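Chemist: Residue strings, one per chain:
There are 2 protein chains.
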Amino acid sequence: MKQYLIVILWMLILSGGEGFAQTNPTSIIEDFKPSSVNQPQKLFPKVNSQRRVRASIAAPDAKKVQLDIGGIKYDMKKDENGVWMGESNPQDEGFHYYQLNIDGASVPDPGSLYFYGAGRWGSGIEIPSGDQDFFALKNVPHGLVSENIYFSKLTNSFRRCFVYTPNEYNENTKTRYPVLYLQHGSLEDETGWSSQGKANLILDNLIASKQAVPMIIVMDNGYAYKAPNNEAADNNKQQESVFEDVLITEVIPMIDAKFRTIPKRESRAIAGLSMGANQTMRIMMNHLDTFSYYGGFSGTANYPSSEVIDVSSFLDGKFKDGTALNKQIKLFWLGLGTKEPVPFPKSIGAFRKMLEQQRIKYEYYESPETAHEWLTWRRCLHQFVAKLFKSTI
Amino acid sequence: MKQYLIVILWMLILSGGEGFAQTNPTSIIEDFKPSSVNQPQKLFPKVNSQRRVRASIAAPDAKKVQLDIGGIKYDMKKDENGVWMGESNPQDEGFHYYQLNIDGASVPDPGSLYFYGAGRWGSGIEIPSGDQDFFALKNVPHGLVSENIYFSKLTNSFRRCFVYTPNEYNENTKTRYPVLYLQHGSLEDETGWSSQGKANLILDNLIASKQAVPMIIVMDNGYAYKAPNNEAADNNKQQESVFEDVLITEVIPMIDAKFRTIPKRESRAIAGLSMGANQTMRIMMNHLDTFSYYGGFSGTANYPSSEVIDVSSFLDGKFKDGTALNKQIKLFWLGLGTKEPVPFPKSIGAFRKMLEQQRIKYEYYESPETAHEWLTWRRCLHQFVAKLFKSTI
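Line order of the protein sequences matches chains A and B.
Every letter in the first sequence is one number past the one before it in UniProt numbering, and letter 306, counting from 1, is 306.
Every letter in the second sequence is one number past the one before it in UniProt numbering, and letter 323, counting from 1, is 323.
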């Protein structure tokens, strides 16, 4: 009986697989509503209470149109007016990238707003979540999100960061504020956290309810490569990442000069998601004189390994002296979604084991029923920022 | 001979028409470069020295793919790998919205960045212009462009404006600055001026070369409708524009409270493009106690009429007393592209005639070889802002 149940469970899980891309129309509940991240006045895509996505597009001369979401392509059907429509299987709560496929061409859905992720500007959809109130746009005082263009000597290029300043920043013109440096993940950019990440709204709501200290958040681009010394420089040299140097020697001094920050380690935090968690952990451990709070959302610096960590060699032995780290670090915070794929659970598990063996204090949070996606990271940010800049050594 | 030349000229002009959508490959110069507003790492679309656009997309199963730009659909051709490619006729210099058409589906090009215009988020392309230096991203001090979310009681909705603050704003923390309120056109929104409009870069460059006074620019959304009193309110009532009230009673007080402005008429300008020129002229004339500079780019309040203006009734007689207006208004500035379509040249011409008859002082600028598009408006802004806040009554 137990084995029978396991088989049914597996079938349910697998029904998300390529072989089951056709949705049974009789099982669809007709309570679809336009996605909250649609373009103005656009009725499609829609989401229903089963968390299915329904897409629609006029393509009168197409042979095959598919909705491509969560790694699965769902065939859509054409009506007599040449308008195609189709539904996905139930999706996880939260934000997902997706696209349409028209006779073999992968294109953005003209109905949705566009987001940078998966290495392209493209469509996104929001599946309402039970806890969405914490990142909802509410009638509370709103901070500003400012686009800040700067020239980086290290990369010999123009770069950009977005800077969140809390609502009171422009009124209390003498107050100085702590700063969180917050990084995106792989194939994403500096726009992610204040768009699909809702970082500004999460902070607006937490600050309004006095659950978070008013703070500045700086969101830069984690891709930064050293400018080649000469034109004959080979491609490998061009790809040497200098993000750590850009952040430490260019971005932080610029932010401290341009904004009313508290320019000391006790008032600086650094965090990131996935690739950004990996990057910022290295930066944190190399610059404990610069930061005192760390947040790693769905990522650790041992990624992608799940092996036991050799603390004497890992990050040049930076985790060897747990006692010293416990004195220096005000908060070491890790988060993970319960549905994250390989290798994240085991890799982060191996990292936690190392922390525990070194008796390094840390906090750990699991986001229920979310994978390696933005609802995990919104929840992580929400948990993490509420703990920042409240303690003193 | 003269008639023969005219026929040839007409044929050249008409070759931009639907009937000539096929480009002669032998006439294409092969010096295409990726558009400056492509997505990171995307090679297509490209532009050549003839100002032709070449688009490309993989669509192996499609029957027909077209590049849709400037109101013309150009057939693309498929290669053996299922990749389509095609070129447009030469385009005007500057920024243009465009899209691809795949078996009847109009979709954004996955290669371009996306812009809000023509009532949708979609593809845009930049044709290099001879004078592009004035809006180029240069190594000069850059101001911030801040997203400012606010709740409007008049519309009972969340609204958003973008606020440009000059680079020195964050350093000279006691200085107060004049403000330009700058509006977009029909089917565009509050994102246009600081994206395809390049307003921030135009100001950064002008301020760096001391050709413009450092100023704040506020870019709001010109669509604002009164919240219905009850749910049974009919659709007509819902569509009553209250943008003037939103700007005067909600936006300006908010900006004056949140930013270090000089909150008086001598230090306030208002300008707009097309629909925004029409809107802001009405607002200017209704609120001469609030603004003293006006800029109308490709639009006037008599739009779309080209009839002689009856000054006693036009805008409730606001232009009747030219002598008084000349004392009150520091600058009344109008601009137009030389290639603008009906009804703009004649409508603005009729408006200028009225100004002249009333002996109302104004300045007039024509953007060479541009139509009702963003290069006209970038040039207008560049001309206009250099004249602001320099005189005193």
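Don't take every hint at face value.
Claimed, not checked - In silico BS3-like links for lysine-lysine, alpha-carbon gap of 30 Å or less:
no. : chain 1 : residue 1 : chain 2 : residue 2
1   : B       : K346      : B       : K387
2   : B       : K153      : A       : K33
3   : A       : K78       : B       : K64
4   : A       : K258      : B       : K33
5   : B       : K174      : A       : K174
6   : A       : K174      : A       : K264
7   : B       : K174      : A       : K77
8   : A       : K258      : B       : K387
9   : B       : K153      : A       : K77
10  : B       : K346      : A       : K42
11  : A       : K346      : A       : K387
12  : A       : K78       : A       : K63
13  : B       : K73       : A       : K78
14  : B       : K174      : A       : K63
15  : A       : K73       : B       : K78
16  : B       : K63       : A       : K258
17  : B       : K42       : A       : K226
Please keep in mind that the hints were generated in silico from the structure rather than gathered at the bench.
The model shown is predicted, which means the values in this text are computed figures rather than measured ones.
Chemist: None of the hints should be skipped; say for each whether it holds.
Modeler: To see whether the hints hold, each was checked on the structure:
1. B:K346 <-> B:K387: Holds, at roughly 26 Å.
2. B:K153 <-> A:K33: holds (26 Å)
3. A:K78 <-> B:K64: OK: K78 of chain A and K64 of chain B at ~18 Å, within 30 Å.
4. A:K258 <-> B:K33: violated (36 Å)
5. B:K174 <-> A:K174: holds (10 Å)
6. A:K174 <-> A:K264: Between K174 of chain A and K264 of chain A the Cα gap is close to 17 Å, so the pair holds against 30 Å.
7. B:K174 <-> A:K77: violated (62 Å)
8. A:K258 <-> B:K387: Holds, at about 28 Å.
9. B:K153 <-> A:K77: violated (43 Å)
10. B:K346 <-> A:K42: violated (35 Å)
11. A:K346 <-> A:K387: Holds. K346 of chain A to K387 of chain A sits at ~26 Å (cutoff 30 Å).
12. A:K78 <-> A:K63: Distance ~9 Å between K78 of chain A and K63 of chain A Cα, so the pair holds.
13. B:K73 <-> A:K78: holds (24 Å)
14. B:K174 <-> A:K63: violated (64 Å)
15. A:K73 <-> B:K78: holds (24 Å)
16. B:K63 <-> A:K258: violated (55 Å)
17. B:K42 <-> A:K226: holds (21 Å)
The structure fails to meet hints 4, 7, 9, 10, 14 and 16 from the earlier list, while all remaining hints are met.
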